[in-house]
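Undergrad: Protein chains in written order, with the working numbering: chain S, 2 to 376; chain L, 3 to 470.
Worth flagging that the hints you see were computed from the coordinates, not collected in a lab.
Each hint can be trusted.
Stretches of chain S that chain L covers, calculated by requiring three or more beta carbons in the stretch to come under 8 angstroms of a beta carbon on chain L:
#, region
1, 194-202
2, 353-366
A few chain L residues that don't get close to chain S, going by computed Cβ distances all over 10 angstroms:
#, residue
3, Glu115
4, Ala116
5, Gly264
6, Phe270
7, Gly454
8, Ala461
With the C-beta cut set under 10 angstroms, the calculated list includes, among others, these residues of chain S facing chain L:
#, residue
9, Val191
10, Gly287
11, Pro288
12, Val289
13, Val290
14, Ser291
15, Thr321
16, Arg350
17, Gly369
18, Asn371
19, Leu372
20, Asn373
21, Leu374
By construction, the Cβ of each residue, glycine as well, lies at the ideal position given by its N, Cα and C atoms.
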Amino acid sequence: MADMWVEESQLSTEEIPVSSEKLSDLARRRRLRVGLTLLLAAAALAAVFFNVWASGAGLLYLYQQAQTFVTIFLGIFVEAVPFLLAGSLVSGLIAVFVDQSAIDRYLPKSALPGALVGATLGVVFPVCECGVVPVVRRLYEKGLPLSIGVAFLLAAPVVNPIVILSTYSAFGWGSIFVGRVLFSFLIAVVVALLFSRARPDELLRPVVFRAHHDACCNAHSHSPPTHSARDPLPGVALLEQRLTRSFNLAGDDFLEMARFLVVGSLLAAAMQTVVPQSALLSVGQGPVVSVLVMQALAFILSVCSTVDAFLALAFAGTFTTGSVLAFLVFGPMVDIKSSLMFLSIFPRRAVAYLILLPLMLALLMGIGWNLNLGW
Amino acid sequence: MRLSLTLRFWRRLSSFDRTVLTALAAVLATIGVLLWRGDQVGLRVVAATPAGTEVSTLTALQVVFDQPIESTPEEIRLTLTPPVAGQLQVVGDRIAFVHAGLQPATGYTVQLEAGVRGAYGRALGSPLRWQFTTGPVQVLFTRTEGGREQLFVAPLPPAAAAAPSPARPLTDATGGVWDFALSPADGRIAFAALTEEGASDLWLLEPGGEPERLLDCGGNFCSSPSWSHDGELLLFSQRNTRDSGAAAVNPPRLSILHVASGERAPVFSDSQKLGFEPRWSSDNQWITYLSPDFVGIGVYNLETGAEQFYPTQAGEPAPWQPGQIRFLMNEQRAVGERSAIHLFLVDPVADTRTNLSGEEALVEDGAAVWSPDGQWIAFRRNITAGAGATLSKQLWVMRSDGSAARRLTSDPEVDHGPPAWSSDGRSLVYHRFPLKGPGIVISVWQIDVFSGVQRLIAAPGQRPQWLR
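The whole structure should be built from the sequences, with the hints applied where relevant.
TA: Written as structure tokens, this is what we have:
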């Protein structure tokens, strides 16, 4: 596993020679990946054809499923695009107007204060899980400490004024409202603290890492700043030029992130078409199973955190409080489309940790709540 | 071997990987500990009813949980002290104890033993115990005060009492009470209260509570409420003030109201269909109503939408026999050269009608009510010709097949109002309307069906019902 990470980093840097043994190993892994993908595709197709056969409606069923798929895809994509656009614009502005020395000056470098600050940054940047990704990536390129970025990435979709207000509108002042904000904050801080143990080259994709390294480490070593395409212009540049540049960078960011969003939305739509919501809900509503079901639902539905409280309200009467809370805490941190968008910042293993840690911590919270509080 | 492989793998991981995996293992272990400790909350009770004092003797006991119940009635142990015969039912997220009737003015303690299992794996951790007290048997009636009719209640006077117990007002409606209905499930009272503009709204009066507006009819005239037997739904008629003339005489249309949520809907899909004075069958699937369109009794199945009509000009509501799909109606008909009003037992499923008054009887029968067990009928009769003929209505009872008819009252100078059965089927309450003055006062009376002994309950007063 550790070797795999090194290999991936090396491949991306293009400058390091790779031995033929390693190349064959990589080819083998690629074949395995393609094989697994084909297997999954075959399983999905088998599920579709089984449903066609079971429904007895033939082509009409396929047509209805296709319509459902398109509707869900457009629903997720259209809902997320404005937030991604807003995030990209902020990212462009950060690229041009935020000086990395400001990050050095104003943000803490040690892990715990960094995690705490990162988890509350959403109050300043009210972004959902789609918009937060380009912002975090840009901030990392400006040398943002790892723990702050991870805490911001996970907490901002909930710990921001818009989502806090929408949760209050849906549930009012009570255990779910307080629980959502509190546990989102706590889980983000815990995950950020764990991620602070990582080296930047271990945690960031090579292209992000290089910019991060240039920003933080060159600044620390007092070497002259580099002015790559992503760095701000010198202070003498006109405001108009700087704005034009920030919009150009925002456009680049948007197009780059949109790839992940499209694929994520397609996957989420496919999952919802093949595994309908009713099937998941019928699995169980016990204190443990309900939490898993609602987490799976949150992951698959990929609903924007600004509106998910109203969706969760529909489950509040029938599902356990812990499971509704898990839906509201875990969903904004990780879902299908945001997981894919994480890949624009982090390597696969870090993304896997970013999924697993919030998943397990939210599961612990949900089960603990159900078995001990049950409010 | 396996251990060394694991150790080698562990050593090859970065410090970050080891930290994350350790954290995940710790979380998993904590989840394991939580699961091992098990459910510390248990099945949660959302509500246990009835509670408090002045509880209706009709009220079913009910415990509502936060999830559907998996235990069967046979597995559930619920005890009442003093004991009451009844049947346990499990319906969704609630356990109900249905009984034939509680004792009036009695304190009850209910205990539901622990162990009731919910569908999601939770169980009631400790016994649930609560208490309530039933109200005394009382008689509900209307009395006119200040030119407006209001609801009053009077307790039954002790057997040896010479004078009636003082009555207590229940309402102070601005325009007075138009009509009312008692819920057969729990003794709640729905009543139509007039407004000063000549419209009426529906109000609800819980036992021991204060009247609360149940439905704002928006300036229309709502009246003739009728409870479903489970006390959840209320049928009523609404007369629209947009039509010409006074609201109270405009064409009535039937609506149905879900009492808990306040949601309402018209009974018929055809908005032009008229109806009022509805009555529910015991299974809450059929209703009868007075149909001004058809001039008769309409019968409607709420589930299937099936309809039938039985012509009559008598204009009295048609009550259903308890536990049966049969109802009573009266109809004017010719007996020789004379006119009579006879009672009929109608079976809308078999589409049969049985004359209970007797084919040749020169009588005018009406205001028929079923005894609680459905075996007897109390009604008003005046004999129009021959021996015993009177101008005034007297109280009679007969069996459900029309046999064993006998007169309960025989005072030709008093008209006797519609009777109402006590829960034990032993007595009736009714009002007496003296036909000769001076100082005519309508008063509420009770009569023992077996001994014929009458006693005054309240004066003045009219339209009495048992409040249990």
